[in-house]
Amino acid sequence: MSCFSAMNTPLLGEMEQTICMLERGTIVTKLYGKQRRPDRRHLMLIRETRQLLWSTVAAHTRTDYEGTIQLREIREIRVGKNSKEFRLHADDCQRFESSKCFVIMHGNSFKLKSFSVVALSEIEADNWVRGLRYMVKDTINAPYPLQIDRWLRREYYSFENVNSHLTKSEQSSQVTIKDFKTFLASVSCKMSTSKFMECFTDDIRRKHDLKFDDFSRLYQKLLLPVSFLNIIIGGTEFAYSEDKKIIRPIEFKRFLENEQHDYNIAELNNISGFMRDFVQDVERDVQEPFLTISEFVDYLFSKQNDLWDVKYDSVFMDMNQPLSSYWIASSHNTYLTGDQFSSESSCEAYARALRMGCRCIELDCWNGPDNLPYIFHGHTMTSKIKFMDVIKTIKDHAFTTSEYPVILSIEQNCSLEQQRNMAHALIEVFGDMLLTQPCDRNELHLPSPNQLRRKIILKHKKLPQFDENVGAINLPAVGVNNGTIASFNHRSSLGGGAADDSENMQKILKKGLLYFKDPVDKSWNLYQFVLTQQELIYTSEISESRNGNSEDDDFGLSSCTLNSNMQQKQKDTSANDELHFGENWFHGKLEGGRQEADQLLETYKHLGDGTFLVRESATFVGDYSLSFWRRNRPNHCRIKLKHENGSIKYYLVENFVFDSLYSLIVYYRKNMLRSSEFSIILKEPVPQPKKHESQDWFHPNTTKEQAEQGLLKLDIGSFLVRPSVQSINAFVISFTINRKIKHCRIMQEGRLYAIDTMQFESLVSLIHYYMRNPLYRNVKLIHPVSQELLRQTLIENAQLHSEHGIDSNGASNYMGSNLEEYVTCKALYSYKADKPDELSFPKHAIITNVQRNNSMWWKGDYGGMIQHHLPANYVKVIDSATEDYNSVNEEGNDGRTDSIEIYGAVASLFESNEPGIIIKLQIQTPTMQNPFIIGFDIQETAYEWIKAIQDAALIASQLATERRKKERTARVAKEMSDLIIYFRSVPFRDHSWIFQEMSSFPETKAEKQFIQQNMPLFLSYHRNQISRVYPKGQRLDSSNFNPVPFWNIGSQMIALNYQTGDKAMQLNQAKFRNNGQCGYILKPSFMRFDNFNPNNPLSDGLNEIKINMRIIAARHLFRGGKSNNPQIVVEIVGASFDSGIKYRTKVNENGFNPIWNESFEFTVHNPQFALLRFEVQDEDMFAETHFNAQACYPLTCIRQGYRSVILRNKFSEDLELSSLLVNIEITNRTSST
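Numbering (my numbering), first residue to last: 890 to 2122.
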């Protein structure tokens, strides 16, 4: 048999090599729990049993293993250190690179186990991850005969291992007849000893030794009862096998069409291919495949014959309806892994729920340390997890299973201060994933799942709306200079993006171009200023309408220098759009003329005859010269030009004329150039000279870290050029700007060097240009830094670190790359130090030389305090060298935009003695350390602005007072409120519904209001509004309520405890398995009818169906080695008039391969609501029944005919090889829409 079930995989050869390596095994470091340190282990893959096995390095055989994992139980394979074990051993694991680490999450319950290891190399780790992912998928999709074979081998080898340990000898590790009897007892196959012994031949009884082939053959013989096919077809003769031994493709085709109503694989070629894939036997991979009777019965019990219709495994429903039209998979207290009182809270619970298709998860937030919340069940003994860890986990797993929106239901118990930090953290972590503004400004209903794909939406309370219009306060009108700024968009707060654009425009009180002293070059430049009711916003970006060409503002130049710089650009740069200009063979105007061309050809003569270059002719101005190497000497030809019909033509030979120099050279690189003196084909071009390599400022081996450390304390305009580490054809200018380091990337395109749209013929000419013209915000390249100067600076820095007791971590080594990265931060909030080693700073303070680490406390300089601690969540990084080049090359990101709050502002005017500035406006706020100063060249403008700022400060004060009052009353921070767009949590009211609002109900209140008292009201409510129903507080064991009645009434979010494997969760998993397990199920169209009543079987739109079912047989119902007495219970859970147990079979004393062959029928009036549930119960000696297995299906998603019911455990995970065989016929059946 083949070891792979998908032999046509394109990369099989490469993958086979990887898997062979995994079978040989590798040495890894395995991480354990608290009581044990990480240790080296031998990790190997056992392909024939589909197991992962690890043992001590000294173990010599597979029998001495420490543990195993079945591949079929692996749920996720992660790269990196994201696991409980890595967190427990964080100190030990610091030395391990993340790329060498991986984690395997495995198990058959909600709470998965983690297996954390570190490979010896990144390549080995990658092989393990890729190989295991392939093998897990292959294992799950393997055909039934292969699954049986692998399971039998595991059982057989387990007996071998036990016997090997008992005898202390690998050679005598035989499997005996007694072992086989023990095996049969464990699988609940009951028979007398005499009947058991009849199964063996005399030879086996004499040797008392069973080989695997004997073991497998005996099992297969016992598994298939005598005359089983006749039982299946109801006692009549089996009509789909001519010789009653094998089934051929034409016979299998008739069976699929007549019995299974399956017309999807009607062609014989498809059927033959399916039969070959199912058998997976190379010897039978022939033109005419067949199935034996045993294999045919295996097929009937297999997953390939599942009752589930696989077409529902993909999204097929209309996903463009409002969110209120869908049932949404929802979780309650998602962080818990057990009961509600003392269980563990875990980030893994979020990952597990999201990967199971859950789309609404809950976060219970309580005040925590570092001014960010903990998540846990308040007032209980459940453990606590960090809010930041949770939202990072959500980001990683949110869209793994489904791309449709994830809703975070936040139960808020935090202070206003921590809520503000929460809002900032949510924006920082989720970025563009977080929904911060409506999908449509004019929408009249909730958006659709399609509109919200890959979006994270917050469900939370929102502050009541209050008037923030300037007109709300009686003030004199202030000039707005031609109205509002339609093109200006600035997020003034953490949630600023949520505000309507028109609201922002109304709040603009004044705008204009004013002078602001640039902190870099200390010169007064024009900035765009916008005054709103809350802040004064200023930007160095100047509009196109004022300065003509927006490209000229790329470097923050003042308007007075724009025209001169533009002229200088045109003069100095070598912009040329001719095709030849960027080619490597074109050398432009050589300074040494013909003599320099001779030297270049002599240097590269090793390239052979035909080596060439093209240059501008020194003798004939406007013409070009072709210089080439032939017969050990340079040769030169004039490329002549002539004008024809207004265009220039190029030629070497009069009869061969070309439209361009480029096409001439291309032609003679393919065709012979002939003259009376020679014949030659142009071959290799002479490489471009690298003149920059001789320049002091060029550093061929300097890294980004060394450049930053060396340039940091040098003068503004100090610079060096180095090769880029990110691209082969690129260089980077690293230069200083006000104690900051910037990096600007230069792209080499052919022979040209480009920054943005500007091109130069050499790196030297580029640097010379920017030594005369500003590169970035008026900063020129002034001071070239040589390699020797950089070396001395690095050594001095290392010595300085050493004198102050700072571990340089190798920085004293000139070529070392382990240098600290310093960034500049801006304070988001004020902070008052609690300890002597902490910084105190006001809001908007600029904190320099900040060292970041993985903790919540960073170090930085402010107000004379050097390297004191500051809370990381109170600041944002405003300058970081985390990229290889800065933003001057990115459109729209090169201007500086900032703001100051107007609340509490005191403004005053004073005269100026600086050129061009006649009056200055000084603004001081309570949170500012230094005043903010604006310059004016017109006195009347200054008076207008001081009046506008004073009025704005008064408005801001009144608004702040009103806002604080609202925040205290509602206990909701404005920053958090601004992020709430659609799922605004409000108490339920029976009128004046707003589609953005929703209400939540405990199950008891929902049952009373939805079902008993106000059913018509809530049926109407749920057509446009969303509700959430959650378990009552008394369910301390995390049990669940029946969700079906609430779904039937239209409630969208039925929040269940995903960690609990009970009947309610099984129904939930079955319902949301539909529609590709995307977490959104479109409610039936009849629920939108005004006269719909979920308790009336005669409601419009229902399609009654009749089901005839026969419970035929089962396999592998044994659990835990117990003696089983199974019975099957068939139930419908749906509309009240359809729900109930429809049949209960007799108890069968055989858990190995029981046969019932019992028939029944029932009617379902509303199949759209109905869930079909099978439960296997085991009866004990006291006639009490216990749960054994189950399977649930939406009734609209099943297939007719002889079908296999794949059984699952209580957590809805597939049980290995366990299945029922049923026959189902449905009449008046309608397809689901």
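Worth flagging that the hints you see were computed from the coordinates, not collected in a lab. A portion of the hints provided could be inaccurate.
Below, in silico cross-link-like pairs of lysine-lysine (DSS-like), each with a Cα-Cα straight-line distance of 27 Å or less [stated by the list, open to error]:
1. LYS1748 x LYS1732
2. LYS1284 x LYS1572
3. LYS1715 x LYS1275
4. LYS1399 x LYS1748
5. LYS1894 x LYS1921
6. LYS1952 x LYS1995
7. LYS1952 x LYS2035
8. LYS1669 x LYS1732
9. LYS1478 x LYS1572
10. LYS1715 x LYS1952
If you anchor each label on the Cβ, the simulated ranges turn out as follows [said to hold, decoys possible]:
11. GLN1488 x GLU1803: 52 to 58 Å
12. ILE1671 x ASP1645: 16 to 22 Å
13. GLU1566 x GLU1485: 20 to 26 Å
14. ILE1120 x LYS1100: 30 to 36 Å
Yeah, the Cβ is synthetic: ideal placement off N, Cα and C, and Gly gets one too.
Do the hints match the structure? See the list:
1. Straight-line distance between C-alpha atoms of LYS1748 and LYS1732 comes to about 17 Å, which keeps the hinted pair within the 27 Å bound.
2. Distance restraint check for LYS1284 and LYS1572: the Cα-Cα separation of roughly 55 Å exceeds the 27 Å cut-off, and the hinted pair is therefore not satisfied.
3. For the given pair, LYS1715 sits about 24 Å from LYS1275 by alpha-carbon distance, which is consistent with the 27 Å threshold.
4. Restraint check for LYS1399 and LYS1748: not satisfied, since their Cα atoms lie roughly 39 Å apart, outside the 27 Å limit.
5. Only pairs whose Cα atoms come within 27 Å are accepted, and LYS1894 paired with LYS1921 is accepted, the gap being roughly 9 Å.
6. With a CA separation close to 25 Å, the supplied pair LYS1952 and LYS1995 stays within the 27 Å bound.
7. The suggested pairing of LYS1952 with LYS2035 holds, with an alpha-carbon distance near 22 Å, which does not exceed 27 Å.
8. For the hint linking LYS1669 to LYS1732, the alpha-carbon distance of about 33 Å lies beyond 27 Å, and the restraint is violated.
9. A hinted pair counts as satisfied when its Cα atoms are at most 27 Å apart, and LYS1478 with LYS1572 qualifies at roughly 21 Å.
10. Between the alpha carbons of LYS1715 and LYS1952 the distance comes to roughly 53 Å, so the proposed pair goes past 27 Å and is violated.
11. The supplied range of 52 to 58 Å is met by GLN1488 and GLU1803, whose beta-carbon atoms lie about 56 Å from each other.
12. Restraint check, ILE1671 to ASP1645: a C-beta distance of roughly 21 Å satisfies the suggested window 16 to 22 Å.
13. Separation of GLU1566 from GLU1485 is about 24 Å and conforms to the stated range, judged on CB atoms against 20 to 26 Å.
14. For the pair ILE1120 and LYS1100, the beta carbons lie near 32 Å from each other, so the given range of 30 to 36 Å is met.
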